[in-house]
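Protein sequences, first through last, are from chains Z and D.
Under numbering that gives the first Met the number 0, the first sequence has 195 at position 196, and the numbering climbs by one with no breaks.
Under numbering that gives the first Met the number 0, the second sequence has 162 at position 163, and the numbering climbs by one with no breaks.
Don't read these hints as lab results, they were simulated from the structure.
Heads up, a few of these hints could be off.
Remember, identical chains collapse to one label, so a pair may be satisfied in a single copy or spanning two.
[Claimed, not checked] With a straight-line cut-off of 30 Å between C-alpha atoms, the simulated DSS-like cross-links for lysine-lysine are:
#1 Lys319 / Lys392
#2 Lys7 / Lys45
#3 Lys392 / Lys45
#4 Lys391 / Lys45
Protein chains: 2
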Amino acid sequence: MTDFTRTKSRFAIPDGVIYLDGNSLGPLPVAAADRVGRMISEEWGKHLIKGWNVAGWMTQPRRIGDRIGRLIGAADGTVVVGDTLSIKVYQALASALELNPSRRVILSDTGNFPSDLYIASGLLESLDRGYELKVVAPEDVEAAIDETIAVLMLTEVDYRTGRLHDMRALTRKAHAAGALTVWDLAHSAGALPVELENAEADFAVGCTYKYLNAGPGAPAFIYVAPKHADTARPALSGWMGHHAPFAFDLDYRAGPGIERMRVGTPPIIAMAALDAALDVWDGVSMTDVRHASIALADLFIREVEARCPELTLASPRDGKRRGSQVSFRHPEGYAIMQALIARDVIGDFRAPDMMRFGLTPLYIGEAEVRAAVDIIADVLTNRRWDTAEYRKKALVT
Amino acid sequence: MTDFTRTKSRFAIPDGVIYLDGNSLGPLPVAAADRVGRMISEEWGKHLIKGWNVAGWMTQPRRIGDRIGRLIGAADGTVVVGDTLSIKVYQALASALELNPSRRVILSDTGNFPSDLYIASGLLESLDRGYELKVVAPEDVEAAIDETIAVLMLTEVDYRTGRLHDMRALTRKAHAAGALTVWDLAHSAGALPVELENAEADFAVGCTYKYLNAGPGAPAFIYVAPKHADTARPALSGWMGHHAPFAFDLDYRAGPGIERMRVGTPPIIAMAALDAALDVWDGVSMTDVRHASIALADLFIREVEARCPELTLASPRDGKRRGSQVSFRHPEGYAIMQALIARDVIGDFRAPDMMRFGLTPLYIGEAEVRAAVDIIADVLTNRRWDTAEYRKKALVT
Chain Z
0 MTDFTRTKSR FAIPDGVIYL DGNSLGPLPV AAADRVGRMI SEEWGKHLIK
50 GWNVAGWMTQ PRRIGDRIGR LIGAADGTVV VGDTLSIKVY QALASALELN
100 PSRRVILSDT GNFPSDLYIA SGLLESLDRG YELKVVAPED VEAAIDETIA
150 VLMLTEVDYR TGRLHDMRAL TRKAHAAGAL TVWDLAHSAG ALPVELENAE
200 ADFAVGCTYK YLNAGPGAPA FIYVAPKHAD TARPALSGWM GHHAPFAFDL
250 DYRAGPGIER MRVGTPPIIA MAALDAALDV WDGVSMTDVR HASIALADLF
300 IREVEARCPE LTLASPRDGK RRGSQVSFRH PEGYAIMQAL IARDVIGDFR
350 APDMMRFGLT PLYIGEAEVR AAVDIIADVL TNRRWDTAEY RKKALVT
Chain D
0 MTDFTRTKSR FAIPDGVIYL DGNSLGPLPV AAADRVGRMI SEEWGKHLIK
50 GWNVAGWMTQ PRRIGDRIGR LIGAADGTVV VGDTLSIKVY QALASALELN
100 PSRRVILSDT GNFPSDLYIA SGLLESLDRG YELKVVAPED VEAAIDETIA
150 VLMLTEVDYR TGRLHDMRAL TRKAHAAGAL TVWDLAHSAG ALPVELENAE
200 ADFAVGCTYK YLNAGPGAPA FIYVAPKHAD TARPALSGWM GHHAPFAFDL
250 DYRAGPGIER MRVGTPPIIA MAALDAALDV WDGVSMTDVR HASIALADLF
300 IREVEARCPE LTLASPRDGK RRGSQVSFRH PEGYAIMQAL IARDVIGDFR
350 APDMMRFGLT PLYIGEAEVR AAVDIIADVL TNRRWDTAEY RKKALVT
């Protein structure tokens, strides 16, 4: 049984803050600052260039990729860390399209994170050979899978509503129709059990700054199913994915398997924080996390609906169909969220009217949920959000 | 006059080490560890998600881009930080090709860093419409510029030999022939005066972990000339380059100017180190750096040639045609370099036979050069490199 008191003690959350935004940026793991400091002072400072070998920098994208793989049902040697999620989406989609060369339709949905759609449309514009990005409503995805689809590209958990796609069923249907799949795990990795191999996903990508708590702008990851890993052509063919990067050949030869999805020099300082953040998961059962997350979210929904009738639930009511967040709509959602943040109940807002609350058992328990609802109820009942200050939009919401 | 005693005091170089590899990975600026520690503990730890606004994270790629711009002759608002150099090469080349749509040849040279060539060939394979990557010898570049060339893509300073291209003259010739230019400043930024605007470069890219000393895998940067910045289509169209990232529109609209070259979530922890590293440049004249660098390199060449006749100079003898490194060839260069590193004279090796020595006045002076040559002479004269241990190839050279 996972000890959530212990996991909570491993995060440095400021006193009085109820942090319900781990779905956007996870909080600081206590060990991260020291780990990064040591990496900088000891490894970079003392080893200098030798750090690439003696401190194992060069192999970290694979080593840390394996650690992430264990959290998402992927075998060792199938996940590699680097770049940003948008870049990893580009790589996955570009490779997947080439593996299915006779088809011209990418199927996605309006619940996909916009950047994934932007990246896809940018890629298709570059390719300029009749590709179509077909974007349907999430509930229409299954019916839209047919034999025209080259690649089904979805984010498993909707960033606004928390709605959870059935990865296994949709992948099976895609495969039956001759399509490949690209799954974005941004709101899945660390939030719920993911079984990439069992689901037979072809490609998957994700970020590490949400439920994996690796810090702002932490590196992303990519998974390629073993059956594709040696045949997928890397569109972003950088030297770190070369068969022999330090031979400095003039011609590119893709490295073996997942190595070819590496691009440029790996972000060593950021990976030190990621490595420390992954230590939190030692001894944690993802099944326990899932059960606790659903229980917390069910409690949150029940209490909010009982006390704040102005709010409309935007997330699935059935916990099994939800990720690890709960969203409510309100026309003044932005101002309400600013008022909550001023009271140290930190969630976030997604246009046009969505307030998001991440419920992460690693550091959130029933007491925090109840305390948060008290404040939400006060802010709404007493219209504490109704000020010019709280309506003023910041650059980042 | 730049005070190089002061700049040297701002680096944490281990006692006894003569660090001649700043052309590969710059040493640790003293202030970097604290700056990163503060960013982690204070900004991430205390502000959590609010850091995007209150700590200015979201605007850092532009703010720090401007700081880099001042070192490379680029106006404010023309440089943005993010990703890796290979990714930035991809962006620059993809945009440049589209701006010159009637042509199909990319001209580069064998002195370009292999990853740039790999990235180009990967892009051309994706585009699949008759593009050709023409790679000539560095001395043949000028003559090869003709009216078939879409884009001239060069690294200004050769990573092996330190040979310096004439950016202004080649850009002028390229423009006269109707070609655009992409300049890689990996071995230029922080090494010598770069005048992107005066040279009328169209695109430029660079890394920050060499002469800018921002740490292993530090983020890259991209420059787009103002005349192209609002028309260049970003091939990697991620949400951070969107006109309104937090509107979460389903359709991509490129942001204004250089903003569109942003892709994914910026690497905040790594940028804290970069910001601290750039502080070292306050009060430093790049002209002084250049004069000192040439004087150090001239001394190094003179002394090495006098005392180590087995070594063959691989760099231009004329300091004005060289970057800030000196390279010597020797068939046993790898083993010799390992023996030097064991004696704390740290340079590096590039296949097949090249020993590289970076001479960076910020922290290297005449005393270090003379001490290094003493050790090089001893290692060669007494064949101290001639052991099995030193011949054993490491993963990273």
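Against the structure, the hints:
Taking the shortest alpha-carbon separations for Lys319 and Lys392, neither the intra-copy value of 34 Å nor the inter-copy value of 52 Å comes in at or below 30 Å. In this assembly of identical chains, Lys7 and Lys45 lie within 30 Å of each other by CA distance solely across copies; the values are 16 Å between and 34 Å within a copy. In this homomeric assembly, Lys392 and Lys45 come within 30 Å of each other (Cα to Cα) only across copies, at 21 Å, whereas the closest approach inside a single copy is 45 Å. Taking identical chains as interchangeable, the C-alpha atoms of Lys391 and Lys45 lie at most 30 Å apart only when they sit on different chains, with a minimum of 22 Å there against 47 Å within one chain.
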